[in-house]
Amino acid sequence: MSSKRHRSDLALFGGAPLFERPRSTSSLVAPDFDAFLAYSRVFYDARQFSNNGPLVQQLEQRLAQLHGTTHCVTFCSGFWALVLAVKCLALPGRSEIVMPSLTYRRMADVASWAGLVPRFCEVDPQTLAVSAQTVRPSINSQTALLLGVHPIVNCCDAVGLEQLSDETGIPLFIDAVESVYETVQGRKVGSFGRAECFSLHASKLLNGFEGGYVTTNDEYLAGRLVRMRGFGFYTPDTVQEFGMNAKLNEIHAAMALAGLDGLTRQVERNRERYQTYRQALAGLRGIRLVAFDEAERCGYKNILVELLDDWPLSRQRTLELLNAENVFARAYYAPPLHLKVGGASAPPGSLHVTERLAERFLLLPCGHFVDEQDIRQIVELLRFLHAQEAQLQPGVLS
Amino acid sequence: MSAAPLAVLGAAPAFEHPLPVGQLYFPDWSDYVQAMRGIFERQYYTNQGPLVCELESALQERLGVQHVICVANATIGLMMAAEALVLRGRVITPAFSFIATSQSLTWAGAEPLFCDVDPRSHQLDPVRVEQALWQEDVSAVLAVNLWGDVCDYAELARLAAKRGVPLYFDSAHAFGCEVNGRAVGGFGALEVFSFHATKVLSAAEGGCVCTNDDALAARLRNIRSSYGAGPPVPVRRTANGRMSEAQAAIALLSLQGWPAIYERNQALFTAYEVGLQGVAGLRLLHPGAVSRTNYQYVVCEIEAAVFGLDRDELHAVLRAENVLARRYFAPGIHRCMPYREQFPDVSADLPVTEALCSSVLQLPIGQAVDHAAVARVASVIRTAQAHAPTVRTALQRASA
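Chains as they are written, first to last, in my numbering: chain A, 1 to 398; chain B, 1 to 400.
In short, the hints are calculated from the structure, not lab data. Everything numeric in this text was worked out from a predicted model, so none of it was measured. No residue lacks a Cβ here, since even glycine has one placed at the ideal position from N, Cα and C. Hints may be right or wrong, so weigh each one.
[Stated by the list, open to error] Label pairs and their computed distance ranges (CB to CB): (1) Q240(A) to V306(B): 44 to 52 angstroms; (2) R42(B) to N140(A): 48 to 56 angstroms; (3) R187(A) to H371(B): 56 to 64 angstroms; (4) F33(A) to A11(B): 44 to 52 angstroms; (5) P119(B) to P236(A): 33 to 41 angstroms; (6) V233(B) to G342(A): 34 to 42 angstroms.
Same shape as in the complex, but just chain B (with noise of 0.2 angstroms):
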């Protein structure tokens, strides 16, 4: 038997050029002339321009807010929220998340207490939650919205109202999702989106926060500098989060140019259900909280025993072939620097994150892939599969 045509056994990989998972959206290089030439025309560089005034505008008539308040990236919008909710003591939260979730809560001065999530959906899982909220210090909850899909918002905000804390967003993956026809972002006390270029809305880098209390987007200008937009009060600590005038211009070009974003995932979506139907032990993640999804990623679950090889091994085969698929969030946030050294024995109550973290991947979606490209991708899954055994011995006898 010949060997099968796959980059690990030696063939020329399915890609010449390695294939992203971010969204990655470029504006038309005609358009990105003009609007830094609009920049220069008005020399207005930074601090709250003409151009961040007009995104914030759009975004809260879009989502549906009373504010947004444009930031230099999510993380940072994330640090700031949890400054201005004046967070302390405990803050619930995945540990299946970007790290930057927990980071915010560290710069802040807060912690977390990692929750662990639910199997099928991914998003925090209510039922821990609540058992969480009646420890002692617990001062919110930080929950998370994955994969273009929600957490279960109605049963959290009555679970957070019962014990009196705020529950508050990391909706970095969920920019122009909706829960039953209500855009995502005004949910809870805030909620934190990002437009780095790999997600569906690009301000090359940058996010906003989201929110309809008037108390808590004016600390939340404060903290960020805003050079007079709304009033001032006073806050623990102020930062540097502004958006400068060259990322709003790219956020409202992508903004612009959103519906054939969309249209784009949801086709490529679409036809990796086609190209994966049937591969046993493979399921692909459908959004099901949400009435309408932003198809930002397309993750899947690898069940080893039942696909024959294990997640690991399938990265390695698509990495072989340029495949640039991705192991989000492995390892668990709980497993990383400093929060490792900090709750060493925390993996015992995160069964669901910990297997999560060893059995999920997330294929190239967005501006850089094309229908064919998803059709070579579900076939080298396909052709790893069926000669899943020699596949796995290359792999040993490389790693050896």
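Just chain A, with the same shape it has in the complex (with noise of 0.2 angstroms):
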């Protein structure tokens, strides 16, 4: 257990960090080797290192099933993913993209740079996360897409969204990172809206090294999205829409083929932590854990945790304690967008309920690096954070 005993112990004043590697908030989780090199092999003997190559072909396959979809487009990552998806599914002569506040930081770059601007709403207190309610009032005759965004823990309401959209027609494209193994009402996260997208980098679920994919029902948008990573070839000699290069290599393929074979083993080791995490979470005053939605399939991958008001240090101050332990802790989507790039559709103090959580939320560290005694290890900490707390506050001298 936490060999903490006095201030002195902390890494912040002195003591040895807690861990020598950093515990962080990164899945990294690592295929079985040679898994991997099987896959390898097959690119390898046909001589290909991209360009719609048989790997990318299966990785589209499995995961078009793993969703539940007849479409899924692969990219070279998931920010180029929600660029050229958000091009193509915006209602053209229409500027402005619906999006929460309290989400991934550089959503409002995807939406510049994919020529629109962002209408920032409000998130439901409970979800954390934007429903038919929050967006609706954004909502005006210059919205083009509506971008529905699955929180960190659990989903958005994507039925009251998908709803939202066919009465207004303003089509939804969602952004379900962080939810590939997660479903909605017993449905596949995969399927709701015109598409969803999803990361391959190494810190998700799915390690690609680097990567993203969309998934959709949409052959249109599908045949569009292959065509737009691929600089808008139609064939090998013309070029008929406009892109770029956004291809996924077939090694990083490779990788996130052998990461879906492990998959089910992973959630079950995710699940295990998750249970550590809550049952030695349970007795600490002044800290929730955001549950997980058993009721539906969940991924189980990240710990999200609210500092609630009889939790004695600030936020800030809690993560440089933490921080200096090598417990990479990290603020939940702080500061959110709205007060970060600016813009005149939410001006600071506009988003209450965003503002307020995003000065309340933890994610503590998961993925393969975390076993089961680390778990009980940061939780000590925390425990003795709180037990010392007025030897902890900023500016306190010993």
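Each chain sits in its own coordinate frame; assemble them with the hints.
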């Protein structure tokens, strides 16, 4: 158990850090090496490193299957997957994309590359996600697209958002990067809205080094995305569409395929980590673990906690103390985008719920590097911080 | 007279398997396994990892530039470059290039101002650049170093400086080239290389941006996302342009194999020179502005009236033999979407580009090609010429 007994044992005050190697909030799962090599052999023997190679095709088929969609298109990253899909789906002649402010730090940049201006909306304080109710007030005559975002834990009300989309005629696109394995009302994430987007970055559930993909049941959209990720080539000698290079290479596809083979086992391990956190945090006052909705299928990847009013340290101070111990906990989506990038759609102070939530949540270490023993030590450390809080406030001298 | 031994005339193809144009370097399997095992042991997969850092240092040293910023692919590198240079308005660039050159400008919110090229070297024509430079709203020159050769660096630099706009380079074709003994990579405001599998240095997919400008490098790193590499500076918007450890591992192996890759290409190029010597109406391009080329491409110009077949007919002959010759860049960028709608009347200003788009052909070179293959390709070309009328009739019949 944690050897921290006195303030001076804390790394911030000169003690040895709790962990020699950082424990992060990234998944960093290592697939089976032999499986990765076996997949690699396929592109190696075909002498094809990229350009819609055999493994990219295989990966796209398997991901479509995983999400229960007819189509999947892979990309070199989730970022460019988002940009290209937003560009395709936005209603022509309109300028705005409705998105939560409490989300991925580059999402406003995604909108910008796609030629749109973000209109930031509120989230539901219970789910931390957008809902039909929070999105509706932001819709106007310039709204080109609704961006639903599944939060870090559990999902947004995708069904309600679909209804809003049907009602208004404005397409719905969902950032589902954190919800690869989840279901909403029993239906697999991936087929909601016009399309959904995922990441294959090493920190995510499926580690493809770097990469991303879009799932959809829309054949026309899938075809357009395939062309746009390959410079818009329609045939080797004709460019029919504006595009770029956003192709996934074969090594990355091999990695993701090996990861897919081990996915069930990974989710099982994530569930064990989550259960350990749940048990260990149960008796700790001031911290609430955001529970997975186990009535649905869950990937259990992220560990999100709320610092309640009776947690005695500020989040900033808590993070400083934890990070010094090589516990790389992170603030949850802070600052929110409307405070970071500005813009007329949501001046500071206008999104009360978002601004309050952005001060309260923490992501705790999870993923491949974190075992049960680590989790107990992390929670023990939090307990110690709680007990010693008077000595740990900023500015308190020893 | 019996039919000539050509696949378009019914003979068996000269090659059982397709012979591609790209370089297609592949490391030895054991080297691949070892490199990947290293990544799995370090469990560091991306985000400016140790191999990317090693690659950037190695390239900085090799190219003699202050900053090398590795990227996911060269197109993203060009998009980041246009962002980092804060381009707007119009950017002078050739229409005789790969489509990504102009697409990068459009992504960044600028517009290509198409400029014609030199009929001998195919590089951007400084005389035409000078005329274009004084048009309204020009914010930069994006020159392209084609075919293992380079533009007239000195003249373009002089012109751009006179107009007070930055000059930068799409050097996707020019890794390993030298001008008067100095490595390509350090010219202009920046240069972008491609490490796509078809290039002389391969990262599977990948590329890098090179610059000697500290401020520009800082902006590029911030746009790419760099996890602590370099100081944070404000940029208009960021992106994801990261190169993974797997890509860097392949590039490092490819760099290690560079002397062998270079020698092989040089020998194959020489074999083409010998094999195609004296073929009337076929001009093999010799990179002339570089002191050292990379032999990345074998580029031919076909003068139809003299050769007896036009470029597309010869292309069809070669394809039938399983020789995957390419017609870069047909159609020219100005005839591709969305530019053909944006600039419908520009063709008249690009007579050389128009001519090259219908006469230029690339032949296979690189790691999948050997001397016997070169000899056979040359022999197919000679046979096609010798039987040009018969070939033409057969092709017309087939397309009717």
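Here is what the structure says about each hint:
Between Q240(A) and V306(B) the Cβ separation comes to about 34 angstroms, which falls outside the hinted range of 44 to 52 angstroms. Evaluation of the 48 to 56 angstroms hint for R42(B) and N140(A) yields a pass: the beta carbon distance comes to about 50 angstroms. The beta-carbon spacing between R187(A) and H371(B), approximately 59 angstroms, falls within the hinted interval of 56 to 64 angstroms. For the pair F33(A) and A11(B), the supplied restraint of 44 to 52 angstroms holds, since their beta-carbon distance comes to about 48 angstroms.
Against the hinted window of 33 to 41 angstroms, the Cβ-Cβ separation of P119(B) and P236(A) comes to about 25 angstroms, which falls outside the hint. Between V233(B) and G342(A) the Cβ separation comes to about 18 angstroms, which falls outside the hinted range of 34 to 42 angstroms.
When the structure is compared with the earlier hints, violations turn up for hints 1, 5, 6 and for no others.
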